[in-house]
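Novice: One-letter residues, chain by chain:
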Amino acid sequence: MTLVRRRLTITPTVTVYLALAALLVIGSILVGANGGVLLDQSGILNILTRSTLLGLVAIGQTMVIVTGSLDLSVAYLAGLCSLVTAETMAGRTSMMVPGVLLALAVAAVVGLINGLVITVLKANAFIATLGVALILRGYLEHNYTGPAGSVPRAFQHLGYDRIGPVPVSALLVLLIGTAVWWFSRRTRTGYHLYAVGGDTEVARLSGVRTSRTIVTAHVLCASMAGLAGVLLAARLGSGAPYAGTDAGYDLESIAAAVLGGAVLTGGRGGVVGTIGGVLILATLDTVFDDLAVDPFLKDVVRGVVLVAAVALYARHRLSRRSS
Amino acid sequence: MNDVLVRLEGVTKSFLGVPVLRGIDLELRAGEVHALVGENGAGKSTLLKVLAGAHRPDAGRILVGDREVSFAAPRDAQAAGIAIIHQEFNLLPHRTVAENVYLGREPVRRGQVDRRAMTAGTQRLLEWMGEDGIEPDAEVARLPVARRQVVEIVKALSADAKVLAMDEPTAALAGSEVDRLCDLVRRLRERGIAILYVSHRLREVFELSQRITVLKDGAFVSCSPTEDLSPGELVRQMVGRPLGTLYPARDSDPGEVRLALRGAGNGRLRDLSFDVRAGEIVGLAGLQGSGRSAVARAIWGVEPFTSGVVELDGEPTTITGPRSAVRNGIGYVTEDRQGDGLALRQSVRDNALLVRRAALRGAAARRDSDLGSLLESVAVVARGPDQEVRYLSGGNQQKVVLGKWLAVSPRILIVDEPTRGIDVGAKQTVYRLLRKLAADGLAILMIASELPELLGMSDRILVLHNGAIAGELPAGTSEEAVMGLATGHGLGEV
Ligand SMILES: Nc1ncnc2c1ncn2[C@@H]1O[C@H](COP(=O)(O)OP(=O)(O)OP(=O)(O)O)[C@@H](O)[C@H]1O
Ligand SMILES: [Mg+2]
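Taken in order, these protein sequences are the chains called R and H.
Just so you know, we're using my numbering here: the first sequence kicks off at 1 and counts up by one.
Just so you know, we're using my numbering here: the second sequence kicks off at 1 and counts up by one.
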């Protein structure tokens with residue numbers, strides 16, 4: 001009884017990192033055969049840079065998916081927040097902190113609206129956040145035709161500085177990822193996120209404040225998208241209304257979370273797996289760029305990887321159920 | 001006289017204008033088991049949900065001690081020392097035992113959930129209950145159903161409840177597990193906990209309770225000390241009329257062999273050979289885990305036989321899965337009606353016609369003119385065919401499952417625990433229905449954990465032990481004979 005046997009269980013999180021390792025090896029060979037090097041200084045920098053912003057959005061997205069919800073408004077929200085940042089700063093160093101805070105506040109309010117529409121009006125999360133996304137798009141299209149505002153040079157360091165091949169912004173995302181991991185796996189609210197996603201009614205009957213938990217997840221998710229917007233501004237030097245949608249943060253973040261083992265019905269998934277998913281997507285892109293692959297083929301492969309991962313996890317769950 | 005811990009006065013509740021509880025009074029006293037009985041749909045679970053803070057009453061008062069309370073959410077009821085074990089399982093399958101036990105009340109230390117305290121607390125309660133086979137860190141999905149029930153109880157106890165309401169806690173249990181649960185209820189009572197006990201198993205009700213309240217159609221019928229009631233009188237109050245004999249007499253002779261197994265086996269089952277004839281009900285007995293449901297799943301092709309032969313009407317047939325089973329005229333009423341048997345969010349109509357629409361073709365698949373008589377034949381009490389099945393009481397849900405198989409007029413029907421969670425009156429209806437189906441030429445294989453039921457209904461009983469047939473017993477055999485074979489002792493030793 002006291003003897004605790006620990007078997008190495010092949011969880012989706014383990015699978016995704018094994019897949020990442022395999023992908024790095026295969027990618028290195030393919031790129032090598034083409035006369036290049038995948039994992040040199042610039043290759044690593046490339047992968048990490050691609051991962052940073054999507055990683056941030058995907059970490060937030062994971063939190064709402066875990067509660068059984070979804071956020072389709074993150075892409076427009078990131079664009080909006082990059083504008084808020086850049087227009088508030090308007091090139092002034094003194095406005096750096098207010099710019100960041102204002103952007104995060106806007107994001108949090110949008111998350112709050114998402115959460116309340118879902119919990120109070122009982123709207124389906126897909127529709128509710130799609131609606132909010134459309135409203136944001138309407139606002140952006142009506143008021144902006146292209147980049148606006150500007151951030152001071154000092155702030156751009158956040159987007160470009162690096163230590164060796166590692167961007168400072170990637171370290172920031174790692175730090176935030178750790179914090180969110182701790183929050184979701186160690187705090188009471190974090191436990192409740194998983195419980196609500198596992199079965200809302202069970203959670204409610206057990207005394208969990210389910211609505212509050214869902215709203216918390218949405219505010220967290222939107223804040224992450226807002227922070228991604230802030231980093232976008234730092235990277236681009238100005239606010240870019242469509243930077244988030246051009247990069248497809250909405251669907252890509254969901255794809256990354258699912259690659260990392262999250263299940264759209266909720267209750268499963270986590271930050272660690274999602275970061276693995278983001279790295280896989282970024283590595284795929286980098287390899288394809290190095291090999292100068294046709295963009296169409298690129299999308300096909302990404303699609304195949306995603307579907308294969310979901311099928312693999314589903315099989316895994318089934319076999320565990322009947323054991 | 002024991003202290004009254006909770007008092008309900010005139011509790012009234014309607015759903016969409018239909019009254020479900022009409023002015024119910026109830027008193028729960030420390031150290032007393034108070035049984036709550038009534039037919040399916042009488043409102044027992046609804047009353048418990050009011051007590052749990054999951055439903056708000058439309059009228060009436062809830063008093064805890066002598067203070068009137070109003071529960072806005074389940075957590076308020078918890079805070080008042082009331083814990084409920086609901087009729088449906090109420091655990092998160094992918095979280096651990098300890099995480100489930102402390103769900104909503106996780107102990108926190110320095111900002112973090114104190115997992116060590118959770119594990120230790122769970123362990124302590126499990127030991128107190130004499131359940132050392134459960135690891136606090138095990139995922140709930142990996143526990144057998146009976147163990148999950150234990151986790152539910154630990155969850156209620158860990159909240160330090162003074163009032164514990166249990167809604168059909170033994171519905172998923174069999175044999176020795178029921179005895180263990182009853183023991184536990186007694187120990188909790190001795191600790192001074194007030195227990196509200198809902199069950200359709202009258203034997204337990206009489207063994208455990210000191211007081212019995214009867215509900216009928218949402219109205220209060222009576223509340224009397226248990227010793228003042230006889231089982232017959234209790235049933236009369238529940239059903240509103242004397243019930244007569246529970247099990248219908250056999251009135252048909254077996255016809256030709258419909259289903260035959262010849263040396264059939266798979267990973268869990270060994271060398272099964274038996275026949276089921278048209279017009280007979282063959283009982284399948286065995287302990288939990290002996291492979292009873294595995295036999296049903298194998299015949300039905302979910303986990304098919306890998307060796308031996310299955311013959312339908314004398315023809316060797318390979319059944320590859322549920323679809324081919326249905327096409328071959330085999331119906332299967334599963335033991336887990338909510339999980340496998342029903343689309344809970346769909347209407348009574350859609351559920352009843354589900355198999356027909358899926359398995360038949362053309363006009364036959366679209367036929368619904370007989371829906372009324374179909375539902376009547378299984379005695380479903382619902383607001384109408386368009387009511388969503390999840391709002392039906394447990395017993396009526398089971399009747400819908402039966403109806404959906406009858407809609408395709410099968411030749412062979414496998415029923416796994418067909419009366420789980422349904423009231424005596426409805427049980428009698430189901431028994432009569434099964435008997436009538438047999439008389440009409442259906443071959444029925446019936447699995448049931450409650451031995452009186454199996455003995456009362458079967459024309460023959462096959463007893464399974466460790467995935468093999470330990471013996472066959474004729475109708476009218478004794479419970480001891482069945483148990484003897486089921487536990488692996490031969491007939492001679494009983
Ligand atoms: N949420 C709901 N919405 C509408 N009707 C409901 C709801 N919950 C229960 N009902 C109805 O209330 C009545 C009482 O149901 P309840 O579940 O309390 O019965 P019960 O006595 O527990 O029956 P059983 O013994 O079958 O469990 C039923 O007719 C049921 O259809
Ligand atoms: Mg009930």
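Source of the hints: derived by calculation from the structure; they are not laboratory data.
Just so it is clear, the structure is predicted and the values come from calculations on it, not from any experiment.
Be a bit skeptical, because a hint or two may be false.
Listed below are several chain H residues computed to face chain R (Cβ distance under 8 Å; list not exhaustive) [claimed, not checked]:
1) 105
2) 108
3) 344
Here's a subset of chain H near chain R, in silico, CB distances under 10 Å, partners left out [claimed, not checked]:
4) 75
5) 86
6) 88
7) 90
8) 102
9) 106
10) 113
11) 116
12) 227
13) 231
To list a few chain R residues with every Cβ distance to chain H over 12 Å, as calculated [stated by the list, open to error]:
14) 32
15) 98
16) 164
17) 207
18) 263
Glycine included, each C-beta is placed from N, C-alpha and C at the ideal position.
Novice: Please write out, lowest number first, the hints stated earlier that are contradicted by the structure.
Specialist: The structure breaks hints 3, 11, 12, 13, 17, 18; every other hint is satisfied.
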